[in-house]
Structures are given as C-alpha cells and as structure tokens.
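Novice: So the chains spell out like this:
There are 2 protein chains.
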Amino acid sequence: MQKNEKIKVAIFGYGNIGKAVEEAVSVTNDMTLAGIFHHDEMGRLQACQPDIVLLGVPSREVPKAVEQLLKAGLNTVDSFDIHTQIPTVHKHLDEVARQNKAVSILSAGWDPGSDSMVRALMQALVPQGVTFTDFGPGRSMGHTVAAKNIEGVKDALSMTIPLGTGIHRRMVYIELEEGYSYEKVRDAILHDDYFAHDETHVIEVDNVKDLNNVAHGVHLSRNGVSGTTHNQRIELTMSINNPALTGQIMVATARAAMRMAQRGQNGCYTMIELAPIDLLEGEKEEWIKRLV
Amino acid sequence: MQKNEKIKVAIFGYGNIGKAVEEAVSVTNDMTLAGIFHHDEMGRLQACQPDIVLLGVPSREVPKAVEQLLKAGLNTVDSFDIHTQIPTVHKHLDEVARQNKAVSILSAGWDPGSDSMVRALMQALVPQGVTFTDFGPGRSMGHTVAAKNIEGVKDALSMTIPLGTGIHRRMVYIELEEGYSYEKVRDAILHDDYFAHDETHVIEVDNVKDLNNVAHGVHLSRNGVSGTTHNQRIELTMSINNPALTGQIMVATARAAMRMAQRGQNGCYTMIELAPIDLLEGEKEEWIKRLV
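In the order they appear, the protein sequences are chains L and F.
Residue numbering for the first sequence follows numbering that gives the first Met the number 0, starting at 0 and increasing by one per position.
Residue numbering for the second sequence follows numbering that gives the first Met the number 0, starting at 0 and increasing by one per position.
Think of the hints as simulated: they come from the structure by calculation, not from any bench.
This list has only true hints and no planted wrong ones.
Just so you know, same-sequence chains aren't split out, so a pair can sit in one copy or run between any two.
Cross-link-like lysine-lysine pairs, in silico, BS3-like; alpha carbons within 27 Å at most:
(1) LYS288 - LYS70
(2) LYS283 - LYS7
(3) LYS283 - LYS100
(4) LYS283 - LYS90
(5) LYS283 - LYS63
(6) LYS90 - LYS288
(7) LYS208 - LYS183
(8) LYS100 - LYS288
Keep in mind the model is a prediction, meaning the values are calculated, not measured.
Based on the sequences and whatever the hints tell you, model everything.
Specialist: Following this line, the structure appears as structure tokens:
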C-alpha cells in the first residue's frame, strides 16, 4: 500500500458486525471494500489479497481465524470479547504476528476496546481507587451468540441489566427448538462460561424477534487518589447502537493497524496500546489543531 | 537509564503544579526526585542531569524553557495550556527534540491533555457530530496566572462557569496594587487574549485568599453518527482537585516519555499521540489482564 492509496478492507463473517463494518467503511474517505467473505470462504479471502481483514465471526472462532490470516501475511482486526482469555490469546497472536510481519488488533470493540482505553486513562489519572464498569440495559451480542449456540435454542436474546458497582443481571429470552425441554436448555445456559458468573434468568418466549433492539449503554466510574489527593472523580457514560459502534471502532482500529504496519510495528495489540490519533482519518497536524 | 532503574525526575518551577508533581512522584515506585529547581536555576538544573524535566513554570514561559532543555539533551513534560498556540509550538519543538535526540510531551494536563485524548476517542467512535467541552465551575490556573500578570493586580482568582455547549463565563476576582484604578486594570484584563473571547466579569475584592479553592470539573459530550447510525451519545464528567490531577498526569506522561525515548521515538508529542498503556507504572501484560 502506497501513502494516499486507499486501504483495501476485507470483511470476514457477515452477521451484525460484518454489516456494521460494511456501513462504517462506506462513509470513510481512506478505505475501500475489497470484499465480503462468509465463514467458509477463507481460501477466496486470502486470494483477494486485502490490506487488512476485519473479522465478524463469533468470538470463539476468532483466535484460530486470526492465526490463519496472520500466517497468510494479512493484517487483522477483531472484536474478540471473552475478557478472561484475552491475555493468553494476545500473547500467542503477538508471536504469530511478529513471525509473519503483520499487525493484529485484538478485542477492538467498545468493551473490550474503547472502554479499556478509558479505564487505562482513568487508572493513569487516578492511580489508587476502584473503577466500576456497569453495562446496559442492553442486548449483549457476545452473550446472545453464546445462548444461540446452546443445543435446543432456536433463537435467543441476552439482555444485560446493570445492578451497580460492576454487578449485572442477565435476562436471557429464548425460543426452543421442537422436542427440547425448557429445564434442560436453561441449565445448559446457566452452566455456560458466559453466564455462570452472573445472576441469570432464562425466560421462554414465543418470538424472540419481537424483543430485538440493539441499543446498549455503559457507565464507567472511578473515584480515587491523584498524587496524594483523594476524591478525584471521573465518569464516562455511553448510550449507543451496539453493532454500529463496534463496526465503527473496528474500522477506526484498522486505520491504526495500517499505520503501525507502515511503521514496521508488527505484533498483536489491544486498544490500550494504541494512540488515539492513529484511529482518526486524515492528517495528524489537523487533529492536533482541532482536538488538543 | 537502565531497565528497572528508577526514572530521575527534576521539577523546574515550584508553584502549585511543581508541588503537585512532587507529591505525585513521591507515591510512584518507578521514579525518584532528582531535584526541585526554581525559575532562575536553569544552569543548576542542567548540571544535575535528570532523565526528564517536568515544568511547573507559567505557560507563556514554557516554549522557550522547553527549547533550552531539549538543546541540553534533556527530555521534558509540560502542561502548556494556550490552546491556540499548540500547533505552532508543537511543530517547532518537534524539530528541536528530533535534532537533540530527546522526547518532549507538550500540553500534558487535563485540558489540554487527557481531555484531548477523550475528544480524540469520541471523534474516532462517532466521526460525525459535535463535541462540547464545558469547564467548571472551578478556578482556572492558566487564567488566574494571566490575570495576576496584569499590571496593577496584587492577587487574582479566575473562576470558569459553564454556560453549556462550550460557552463559558469568566469570573475574575482581583485585589489591586495601591495606586491603580479598578477601571484601567479591568480593561487590561478584558483585552488580554485569555479573556477577550469569553463573557468576563472583573470583581474587586479585599482578600482573594478567602475565595481560594482548587476544585474544578469538566463535562465533555458528543452526540453523532457511528458508520451510518445516528444518536450515538458519549459523555465524560470529572470533578477534581485541579493541580493534583495536573501533577499526576505530568508524572504519568513522564513515564510514557521515557518509554518512548527508550524506543528511540524522539520528537515532541501531544497526549493524543500517546498510547494509554505507556502512562501506567508496571508491566504491560498485567495491565492488559486488568484493564482490557
């Protein structure tokens, strides 16, 4: 890719996220869509030789798919959201990315992702204290996909309800496949790693589609100490369309990834390792003038 | 400086900010105070050979002092807050820093500074829309120093009052030097570049000290479009001790500057060019685990 040439973006996986990425790419001036590839089209994707691949496949399939793409020398961005697995996946993909001279951005959504950047900033400004992340109310895409993957679930929707101080309730609305018992499916959901750690209610409904709404939100708050001074308070609140924001963040992050690739900074990064200016389209000088 | 050796920090200028920097350094585990130097001790400061100099001199003296320090091969962090001059100062100091193989971080306070990072992040998440920055109520250090510098002013305090949508009122409380007329001093304040663009009220009081309070706050808000989806809302609110937060940010930024110096990334940077993780004490892997 030459300077001033458009970034050729491929989308791998075409669900909510893939579609949101497509929309976000369409309103940029520095990117062009190289192609949209379904789940089973890894070969065709590699043959298309994009500058970067944005993954819209379910989180559980992300590590393997990213590894395969990096080994083909392709840069990647994903929104892997299984928080507990991030350190291990990050370490492994960092080695793979370096070996294959590529850049991979892991967990580039809003949480993990931009919220992580805000948590890091809050930590730097207020090194001593507690940060609370309160999600919702809203539909969690990761939890919804996890519920849909349970045997016997025809359709599902998982709502996240904030109970304060980082404690959440999961409201899981399900439609059953014929021949499955509610009790058995409910227990499978309650034991799934996505749900096992929170208060979870599984509710059977006739039609999940009627409940669908991709609105979501988050409230990050930290109260603590700067230097030796207590009672320093910072809060961030968002009210958002969830896939639209995720798609937008992946596209902004793809731009950062390409800049890092051009600077030879090969490896796998989470968003707290990125400079905010690299996420923005256009010239550095202009943003310093407008934003600083 | 070797890896795992403590960063030797010098403080240049010892007012509110210099004292807050001293406090913030005292609670780190990775820094040690090399010395505190007053305004007129540039020679003694250079002789002490710190790893980095944190400047607590008035903003108007920052560009010249930073240039002098960079030319002596010293890394610097300042909290220069004259927004309109930042692009020019940044460009000039970037050349000086590169020529002298040093790292300089410009405007590392909370605004400009960490707020700039949040504005950049908001811009990346919501590329189309309007961001409002509403300050206060609180004492503006930059405006207070500017008012104190006016001839005939014995003491001053400038309060920033948010009127919403980025519009502010300045309440300037002054004590006069003997022999000066209120009207003449008031007009000099109203024509100063710090005050000329806002609604400003100058009030004569008997004792400015009685009004003093370093509490401050800010509300950043953006409503706009992610991809093609409207009504995406993000807000940040802070309620803080102003010099304590500024000192803390300068110290966190000094850490980032030293990491950048070790990576050979010489030059002058604003905070939107920094990765949040570089602001944090300790190992990268641990923060990825805790914050992402």
